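Fit chain B to the given chain A structure using the hints.
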Amino acid sequence: MSPIDSVSPEERELAPSTVALLTAIAQSTPPKAPPPAPSLELLVRYVGRAVSPEEAEAVDRAAGESDDVRSRLVNVWRTVKQLQRRPWAEVVRLSDEDSAESQIARAWMAVAARPAPSPREGLAELLRRGAEGARTALTVLRAAVSAEQFPRGGLYAGLSPALRAGAPRVLVEDERMGGELALDASPGHLELRARNPEAVEGRAAFVTLRGDANDVRLGSGVFHDGALRIETVDEALLAHGQLVVRFGDWPSQSEQPVLVFAVGDPPHVAEPFATLVETPQIVRGRLRMRVALDDSVPADGSGALRVDCALQPDDWQLLGEEVLAGRPPDPIEISFEAPGPEGPFDWPLRLHWRIL
Amino acid sequence: MSTVTPLPDETLRRFTGPDAGEAERAFDRLMRQTTPMLRSYLQWKIPVPDDREDVIQEVKQRLWRSRQRLEDRGMGGWWRYVKTTADRITIDYFRERSAAASLDDPEMGEIPDADLPDVDALVGVLVDRERLYRLADACWLGAPAPDHSRRLLAAKLFYVDGLPWSDVCEIVGRGSPDRRPPSRRELDDWLADQTVLAHLAYSSLYVSNDALTQRLLGLPAGDPESLERLARRAAEIAARDAEPDEAPPTENWTWPEIAAILWRFRHAMLLDQIVRLQACRLDLNELEQLFDRCRDLFPFSTTVVRLKESTKASPGAGDVLSGAKLWQRLVFQYFAADTLPHRDIHDRTAPAAEAVGYQLTLGMLNVWLSNGRLMKSLAKFAGREEQA
Numbered sequence: 001m002s003p004i005d006s007v008s009p010e011e012r013e014l015a016p017s018t019v020a021l022l023t024a025i026a027q028s029t030p031p032k033a034p035p036p037a038p039s040l041e042l043l044v045r046y047v048g049r050a051v052s053p054e055e056a057e058a059v060d061r062a063a064g065e066s067d068d069v070r071s072r073l074v075n076v077w078r079t080v081k082q083l084q085r086r087p088w089a090e091v092v093r094l095s096d097e098d099s100a101e102s103q104i105a106r107a108w109m110a111v112a113a114r115p116a117p118s119p120r121e122g123l124a125e126l127l128r129r130g131a132e133g134a135r136t137a138l139t140v141l142r143a144a145v146s147a148e149q150f151p152r153g154g155l156y157a158g159l160s161p162a163l164r165a166g167a168p169r170v171l172v173e174d175e176r177m178g179g180e181l182a183l184d185a186s187p188g189h190l191e192l193r194a195r196n197p198e199a200v201e202g203r204a205a206f207v208t209l210r211g212d213a214n215d216v217r218l219g220s221g222v223f224h225d226g227a228l229r230i231e232t233v234d235e236a237l238l239a240h241g242q243l244v245v246r247f248g249d250w251p252s253q254s255e256q257p258v259l260v261f262a263v264g265d266p267p268h269v270a271e272p273f274a275t276l277v278e279t280p281q282i283v284r285g286r287l288r289m290r291v292a293l294d295d296s297v298p299a300d301g302s303g304a305l306r307v308d309c310a311l312q313p314d315d316w317q318l319l320g321e322e323v324l325a326g327r328p329p330d331p332i333e334i335s336f337e338a339p340g341p342e343g344p345f346d347w348p349l350r351l352h353w354r355i356l
Numbered sequence: 001m002s003t004v005t006p007l008p009d010e011t012l013r014r015f016t017g018p019d020a021g022e023a024e025r026a027f028d029r030l031m032r033q034t035t036p037m038l039r040s041y042l043q044w045k046i047p048v049p050d051d052r053e054d055v056i057q058e059v060k061q062r063l064w065r066s067r068q069r070l071e072d073r074g075m076g077g078w079w080r081y082v083k084t085t086a087d088r089i090t091i092d093y094f095r096e097r098s099a100a101a102s103l104d105d106p107e108m109g110e111i112p113d114a115d116l117p118d119v120d121a122l123v124g125v126l127v128d129r130e131r132l133y134r135l136a137d138a139c140w141l142g143a144p145a146p147d148h149s150r151r152l153l154a155a156k157l158f159y160v161d162g163l164p165w166s167d168v169c170e171i172v173g174r175g176s177p178d179r180r181p182p183s184r185r186e187l188d189d190w191l192a193d194q195t196v197l198a199h200l201a202y203s204s205l206y207v208s209n210d211a212l213t214q215r216l217l218g219l220p221a222g223d224p225e226s227l228e229r230l231a232r233r234a235a236e237i238a239a240r241d242a243e244p245d246e247a248p249p250t251e252n253w254t255w256p257e258i259a260a261i262l263w264r265f266r267h268a269m270l271l272d273q274i275v276r277l278q279a280c281r282l283d284l285n286e287l288e289q290l291f292d293r294c295r296d297l298f299p300f301s302t303t304v305v306r307l308k309e310s311t312k313a314s315p316g317a318g319d320v321l322s323g324a325k326l327w328q329r330l331v332f333q334y335f336a337a338d339t340l341p342h343r344d345i346h347d348r349t350a351p352a353a354e355a356v357g358y359q360l361t362l363g364m365l366n367v368w369l370s371n372g373r374l375m376k377s378l379a380k381f382a383g384r385e386e387q388a
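Those protein sequence lines, which keep their order, are chains A and B. First residue of the first sequence: 1, per my numbering; consecutive thereafter. First residue of the second sequence: 1, per my numbering; consecutive thereafter.
If you are wondering where the hints come from, they were derived from the structure by calculation, not from laboratory data.
In silico DSS-like links for lysine-lysine, alpha-carbon gap of 27 Å or less: (1) B/K312 to B/K325; (2) B/K308 to B/K325; (3) B/K380 to A/K32; (4) B/K325 to B/K380; (5) B/K325 to A/K32; (6) B/K60 to B/K45.
Keep in mind that this is a model prediction, so the values were computed, not measured.
So that you can see chain A by itself, here it is in the shape it has in the complex (with noise of 0.2 Å):
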């Protein structure tokens, strides 16, 4: 088929007969089944992250390829997106509807319905900030400093997706971020120093990382001067996991943990305005929660409480929000249809106050 006589023999690179030889072998070999077309269920699955480093180099792959593979996972990105931002209740209505969004929204569900895992970033990369100058910390639920509100758990504190995304001095100068303790971390110590010394002065707290199987233990101590300094932190058990506060003495056994940030909106709520006053449950696919206000919220104006989770660090579902008709009693119960297990709810969640 090949006309090789029209190569003149002094531009042969390979005799013809080799020539022939090797195109015999190349186009003779069988074709490889093409690997099928990522499913639906997996493209969702990788933008919720959660596949395996394989699953993902495969979507990417196919991605890459096919022009059609690639519309169908920005389509479904899109799609996540807004189904992020809508009420979790309507996720689950939507689910039930029969539409190219619903098929979305049922494997969203089910990626959502996963515990969430640890933070990729852990407090070695805050260290390694540190070390390059910028100041960085951590801020927590003012109000659960009163260790006494907070009867199943303690203090929580994680890295905020703002901090991860290249942004500490957001966490450090704003107010609406307004936590009680901030953490300092260089390489070498961590220092947990806060706004209101008088309330934390001679209280003993102890501080463990959270990582995907246990906690450990980073070190205890006394707050002196409105400040709790742990030294020798070692950085590689710092790699991965959310930094727990908790007063008191170390606990005989393990708690479930809930890491709550607080965000305070609009601007003008420069403090912290919500406590969980105990454990969220989820209890018939509705998270319960009972919550305190401060007197922050305005006490003559409607507005919303509204709250999301984080299915991973650096994405939240909005869960929904309550409507909250002028002063509410202190505390309130809440409720909303939520993934997950039943039981305690563990995952991060972030209180978001917002006047209607």
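Quick look at chain B alone, frame taken from chain A:
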């Protein structure tokens, strides 16, 4: 689909060794690769299928009988011996029929010793398509980074789909929990990387026989089954003498045209082969006009012009598009994977190459393919990889 793996030299030693049972098993393994190669090699030399199979059986018997005289010169030497045996039996076949036409075929000469290292370097690669294409990618497009697929996806989202960089970072930051979105700077580095650009251009411009046929027939790209279904229906209709009682699935083509498009572009049949088919309802003139229309619908030039426009801000992208290596990679793929004749390869590459300033002539294709320049490049590259 059977899985073919390169045969180790051990198989050859067993085949030529004293243990008859082991030799038989080794022979079976050798024949699993050798028989398809013989069919491919003899396809054009002996067009009558039954005669061809007779020759192949004779080659096998002679290989078995001469096994203990076979000199162990590695797999390259084995393949040379197979080809020489096939050539001799083919010559006998022509002599018996007093047909001298193919006796002076230059392809049927002895493989020179000087070429054996190249044969050795390539035979293990050629029998594993995945490895072959990976090697060809690295040879002509550049060695990919460990996270190459992710980078290529980012480049496609940015350059082909036109997504803003923030969306691209967010999408490729997903996947497994340990992934981080790339920073803007990282993404910029990926998008300017010559290897990423070369792979981007190649994967945008390479369109397999099936994919091209799907496009020409207006079938959905993500549904390969639709092509299968249409091909079955077109074959049924073409086999009947009567006029089809159903309308074709597209307004653009009649049933005879659909059948001809499938023969020409899916199965890479030549015009003169198609016109001789009993099932073909179109005459030569109609077929020529039909295939001209199809060529006008080829996506290659449009794709490369769009790519040139979308990557113009990236320094070096122009060099990638107008460089020989991209076009050599495409030519090799159409040749090795789609078994296209030179003219068809030219149709799918030359107009697009010209649109970005690269002249690709039939003469160049001839040098690249027929005198083994591409094979030689690949063999050298495989040898260097082996050493590395």
